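Novice: The chain contents come next:
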Amino acid sequence: MEHLIFLIPLLPLLGFLLNGLLGKRLGKGFVSFVGCASVGLAFWVALLVVSALISRPPEDRQLVQHLWSWIALGHFKVSVSFLVDQLSAVMILIVTGVSFVIHIYSIGYMHDDESYWRYFAYLNMFVFFMCMLVLGANYLVMFVGWEGVGLASYLLIGFWYQGIPNADAGKKAFIVNRVGDFGFALGMFMMFVTFGSLSYLQVFPKAYHLYEAGKLGLNNPALIAICLLLFVGATGKSAQIPLYVWLPDAMAGPTPVSALIHAATMVTAGVYMVARSNILYTLAPTALLVVAGIAATTALFAATIGILQNDIKKVLAYSTVSQLGYMFMGVGVTAYWAGIFHLMTHAFFKACLFLCSGSVIHAMGGDQDMRHMGGLAKKMPITYLTMLSATLAIAGIPPFAGFFSKDEILWRTFNFPFYPVAGKIYWALGAIGAAVTAFYMFRLIFMTFHGKFRGTEEQWHHVHESPISMTFPLIVLGTLSLVGGWIGISPLLGEKLGNVPNVLENFLDPVFEHSAEIVAKYGHVTHYSHSFEWAMMGLSVLLALTGFAAAFYIYMIRPEDLPKKLAEKFAGVYNLVYNKYYVDEIYYLCVVMPVYWGGMFFWKVIDAFVIDGLGVNGTAFLVKQGSAVSREAHNGYISTYGAFMLIGIVGILWYFLHLSPHYITDTIMGWLRAAF
Amino acid sequence: MDIYFWIFAVIGVAAGIFTISYKDALPCALGLLTVFMSLAALYVHLHAPLVAIFQVAIYAGAILILVVFVIMLLMTPDEDQMGRQKNIGFRIMGFLLGLLMMCYLAIGAKGIDQLVNQEKLPKGFGDPHIFGDLLFKQYLLHFEVASVLLLVALIGGVYLAKKRL
Amino acid sequence: MVPMASLTDYVILSSILFALGAIGFVVRRNALILFMTVEMMLNAVNLMLVAFSKFRADMAGQVMVFFIYAVAAAEVAVGLAILIALFRHMRSVDITKYRLMKW
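Protein chains in written order, with this note's numbering: chain A, 6 to 681; chain B, 2 to 166; chain C, 9 to 111.
Hints listed in this document are in silico derivations from the structure and should not be mistaken for laboratory results.
This structure is a prediction, so every number in the text was calculated from the model and none was measured.
Hints should not be assumed to be uniformly reliable.
As the list claims (entries may be wrong) - With a cut-off of at most 16 Å between alpha-carbon atoms, the simulated EDC-like pairs for lysine to aspartate or glutamate come out as follows:
hint, chain 1, residue 1, chain 2, residue 2
1, A, Lys319, A, Asp374
2, A, Lys383, A, Glu470
3, B, Lys111, C, Asp17
4, A, Lys176, A, Asp589
5, A, Lys29, A, Asp117
6, A, Lys585, A, Asp186
7, B, Lys121, C, Asp66
8, A, Lys501, A, Glu538
9, A, Lys457, A, Asp374
10, A, Lys457, A, Glu565
11, A, Lys33, A, Asp118
12, B, Lys124, C, Asp66
13, A, Lys457, A, Asp566
14, B, Lys24, C, Asp102
15, A, Lys176, A, Asp186
16, B, Lys111, A, Asp671
17, C, Lys110, A, Glu637
18, A, Lys384, A, Glu463
To be verified - Quick list of simulated restraints, FRET-style, between CB atoms:
hint, chain 1, residue 1, chain 2, residue 2, range
19, C, Thr104, A, Leu662, 30 to 36 Å
20, B, Met73, A, Gly656, 37 to 43 Å
21, C, Thr104, B, Ile18, 55 to 61 Å
22, B, Val146, A, Gly641, 32 to 38 Å
23, B, Val146, C, Thr104, 34 to 40 Å
24, C, Thr104, A, Val621, 20 to 26 Å
25, B, Val159, C, Thr104, 56 to 62 Å
26, B, Val146, A, Ile616, 54 to 60 Å
27, B, Phe144, A, Leu662, 32 to 38 Å
28, B, Val159, A, Gly623, 54 to 60 Å
29, A, Val621, B, Ile18, 55 to 61 Å
30, A, Gly656, B, Val146, 44 to 50 Å
All C-beta atoms in this analysis are idealised placements derived from N, C-alpha and C, irrespective of residue type, glycine included.
Could you put the whole structure together from the sequences, leaning on the hints where they help?
Specialist: Quick look at the structure:
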């Protein structure tokens with residue numbers, strides 16, 4: 006089935022070309038059909054490929070398709086090849102599947118938009134690049150996809166470019182991404198210098214063999230540098246500290262875009278990258294410490310910002326940043342499968358949350374402010390139920406999907422093999438973050454769907470359930486938010502439930518087996534008793550319920566006075582958090598303004614003054630002044646010209662004869678003596 | 002001590018200095034005449050009698066007459082005030098440069114005696130018929146070109162002398 | 009036998025005359041006298057040529073002198089004609105008045 010792999014990116018690319026070139030003329034029906042069919046077919050091909058993969062024995066699950074040799078410069082050889090192993094299988098199914106669902110949703114959501122064709126063209130382009138990213142067999146093809154999804158993100162965030170804030174948000178996303186991409190590129194350069202190749206099938210075996218032969222110890226500085234540089238790219242793409250600032254602004258784009266790109270797929274590219282490079286990260290535990298640390302901090306930090314936001318999409322945006330932190334925590338503590346597991350469940354419930362919010366925004370006629378909502382549950386039952394399902398998932402309430410993935414991550418973080426102490430700290434951050442997550446998500450639910458409606462009368466009349474094209478994807482995703490976690494049930498629970506195997510972990514293990522081997526050898530894994538593990542599990546659920554209870558108390562029982570009183574009492578903290586810790590302002594002062602001043606300096610001083618003024622104009626001035634002086638030589642007097650000729654003759658004579666005055670006087674004396 | 006040479010050399014140089022320093026034009030022309038005549042004498046001494054004749058005939062006889070005629074035509078009383086360059090620096094510079102050039106030329110010729118063919122001159126050296134032989138056989142083309150040049154000069158002179166150009 | 013002056017003497021004399029001509033050319037203001045100094049320079053060259061012709065026993069030097077005469081005559085004719093034409097415009101032979109060809 007290898008020969009079919011290339012179809013997976015090709016079909017969305019064809020969709021992009023058809024929609025982009027012909028879509029405007031051929032109308033909405035054509036655009037919708039081509040847009041959804043291309044991704045749907047890609048999903049189907051992905052299923053075929055993955056089933057072919059599964060039919061092989063576990064050791065042999067690797068399908069490679071080599072398309073053509075792209076770059077061949079001496080030792081630097083890169084080819085366009087695709088690799089499907091268990092990891093990319095999971096990713097490609099998530100990408101194409103969720104994309105397909107969201108494409109269907111977009112038919113209804115973007116129905117009234119006049120640039121309908123452009124939207125689907127960009128969306129297909131995005132899916133194409135995301136498939137390239139996930140399927141690539143070397144870092145350069147991944148980077149092509151990496152950059153391409155950044156481009157698609159920029160285009161889609163600024164989709165309604167007529168509004169300046171939208172265009173600005175698109176620019177911000179692209180520029181901040183670019184900063185990360187710079188780190189990624191540097192990482193690739195170092196990787197080539199260190200390993201001589203960028204291909205997965207060469208770098209990873211080489212790293213492992215060097216380790217086995219004893220030539221590559223843990224924490225080799227070059228390896229740490231590579232891993233950290235690649236992670237810089239991941240902080241940009243996957244919105245971690247310090248490059249997360251673009252994600253909340255990215256909510257200026259259409260809601261399905263936020264769902265697909267900024268929740269389910271593009272932002273997870275960084276996690277995929279780290280999981281793919283697992284052997285390199287495992288061999289550089291210091292890099293893992295950094296990754297997990299940043300991740301844990303981001304998880305809590307973003308969650309705290311989310312509790313005070315009033316725009317429904319902004320809450321979800323910060324939630325995404327926070328959940329991405331959890332994913333990186335998972336891969337950062339060498340629990341790679343857990344990070345991917347959370348990626349999968351997050352794709353389901355976050356996409357569901359975004360699409361539901363899109364449904365709500367649609368119903369509210371474009372208003373995204375939760376302070377104008379309330380009591381919508383009666384009028385939008387399907388949206389309400391699916392959103393509730395997704396919220397329960399994200400809060401980590403069993404048996405919903407999020408519980409299994411989040412719990413696994415927290416447990417493994419607590420047990421960080423290389424740095425147990427750091428692991429405990431990170432666990433604490435993550436656990437508090439879980440409570441805060443539950444709090445703000447249920448705050449969202451209560452403010453939106455319960456209580457009294459706080460908007461205008463005509464808004465209330467307009468509120469209606471969305472059409473089937475929008476609710477069908479909601480149902481699909483809501484269901485997946487419930488059942489999606491059941492393929493990753495941890496062994497402890499699995500035994501209790503009748504020996505249910507951890508399907509996902511078993512499936513993904515071969516990809517990470519080298520890492521597991523290294524961790525087993527060098528990591529300090531404390532074996533806790535089963536009861537302790539149960540206690541931890543219970544603690545996670547308890548934290549989630551605490552968050553729920555707090556939200557319930559504040560926003561259901563005393564919604565009129567308590568929020569305001571708390572805001573007044575803790576005014577300083579409130580303002581700080583409400584203004585997102587002023588991170589954007591700090592960046593503006595510390596990064597943007599210096600660059601601006603630098604640009605102004607280079608423009609006004611160096612370009613205008615030095616190059617234009619001194620260089621170009623100055624040279625002309627010098628020439629003019631010089632010629633003003635030298636043209637005086639042509640004063641019209643013949644004798645002057647004669648004098649110049651004389652000077653010339655004397656000069657030539659001097660040049661050819663080289664007589665010194667001494668010699669001249671001697672000779673004259675000699676003659677005079679001879680004459681007389 | 003070649004007395005013949007020395008006499009005419011001194012006369013020539015003195016006349017030259019007189020020519021370039023006197024204020025009025027006509028005495029300068031006469032000084033020039035003296036230079037020409039002394040040179041003609043030196044040519045005779047150098048076994049070139051035909052050249053001496055040409056010197057007298059052409060220079061003293063034709064060119065100088067022409068110059069004197071023009072002096073007569075163009076000289077107005079006011080012009081007599083005109084002499085040398087007003088700028089003293091110019092004169093000093095010119096003098097120094099000329100001096101320098103003279104030294105260079107003279108001293109550059111040091112050791113030129115080695116180049117000289119000291120053998121005896123062939124019989125009849127400087128005779129007109131040998132001269133004519135050379136002129137009309139070996140240098141015939143040059144002769145013809147010179148005549149064309151004179152023709153052109155003639156036409157040019159006639160044209161320039163018209164009342165209205 | 010009268011002792012002959014050596015070639016060096018003739019060269020020195022020639023260069024003195026040439027230098028005098030050059031100095032006069034730079035220093036004088038009367039256009040006519042400028043002409044005369046040019047003729048003096050030409051004569052210095054003629055002297056040099058004849059001297060070399062004799063000391064190298066080659067008649068070609070004298071023939072060259074002949075051509076220089078032809079050229080000098082032509083040059084004086086045309087030059088004086090130009091000078092007269094100029095005089096008609098400028099009413100003067102003072103070269104400080106001939107400043108039209110300046111920058």
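Novice: For each hint, tell me whether it holds in the structure or not.
Specialist: Consistency of the hints with the structure:
| no. | hint | result |
| --- | --- | --- |
| 1 | Lys319(A) to Asp374(A) | 10 Å, holds |
| 2 | Lys383(A) to Glu470(A) | 10 Å, holds |
| 3 | Lys111(B) to Asp17(C) | 10 Å, holds |
| 4 | Lys176(A) to Asp589(A) | 14 Å, holds |
| 5 | Lys29(A) to Asp117(A) | 14 Å, holds |
| 6 | Lys585(A) to Asp186(A) | 25 Å, violated |
| 7 | Lys121(B) to Asp66(C) | 12 Å, holds |
| 8 | Lys501(A) to Glu538(A) | 13 Å, holds |
| 9 | Lys457(A) to Asp374(A) | 15 Å, holds |
| 10 | Lys457(A) to Glu565(A) | 11 Å, holds |
| 11 | Lys33(A) to Asp118(A) | 10 Å, holds |
| 12 | Lys124(B) to Asp66(C) | 12 Å, holds |
| 13 | Lys457(A) to Asp566(A) | 14 Å, holds |
| 14 | Lys24(B) to Asp102(C) | 13 Å, holds |
| 15 | Lys176(A) to Asp186(A) | 15 Å, holds |
| 16 | Lys111(B) to Asp671(A) | 12 Å, holds |
| 17 | Lys110(C) to Glu637(A) | 9 Å, holds |
| 18 | Lys384(A) to Glu463(A) | 14 Å, holds |
| 19 | Thr104(C) to Leu662(A): 30 to 36 Å | 34 Å, holds |
| 20 | Met73(B) to Gly656(A): 37 to 43 Å | 40 Å, holds |
| 21 | Thr104(C) to Ile18(B): 55 to 61 Å | 24 Å, violated |
| 22 | Val146(B) to Gly641(A): 32 to 38 Å | 34 Å, holds |
| 23 | Val146(B) to Thr104(C): 34 to 40 Å | 37 Å, holds |
| 24 | Thr104(C) to Val621(A): 20 to 26 Å | 41 Å, violated |
| 25 | Val159(B) to Thr104(C): 56 to 62 Å | 30 Å, violated |
| 26 | Val146(B) to Ile616(A): 54 to 60 Å | 59 Å, holds |
| 27 | Phe144(B) to Leu662(A): 32 to 38 Å | 35 Å, holds |
| 28 | Val159(B) to Gly623(A): 54 to 60 Å | 56 Å, holds |
| 29 | Val621(A) to Ile18(B): 55 to 61 Å | 56 Å, holds |
| 30 | Gly656(A) to Val146(B): 44 to 50 Å | 32 Å, violated |
In the structure shown, a violation is registered for the earlier hints numbered 6, 21, 24, 25 and 30, in ascending order.
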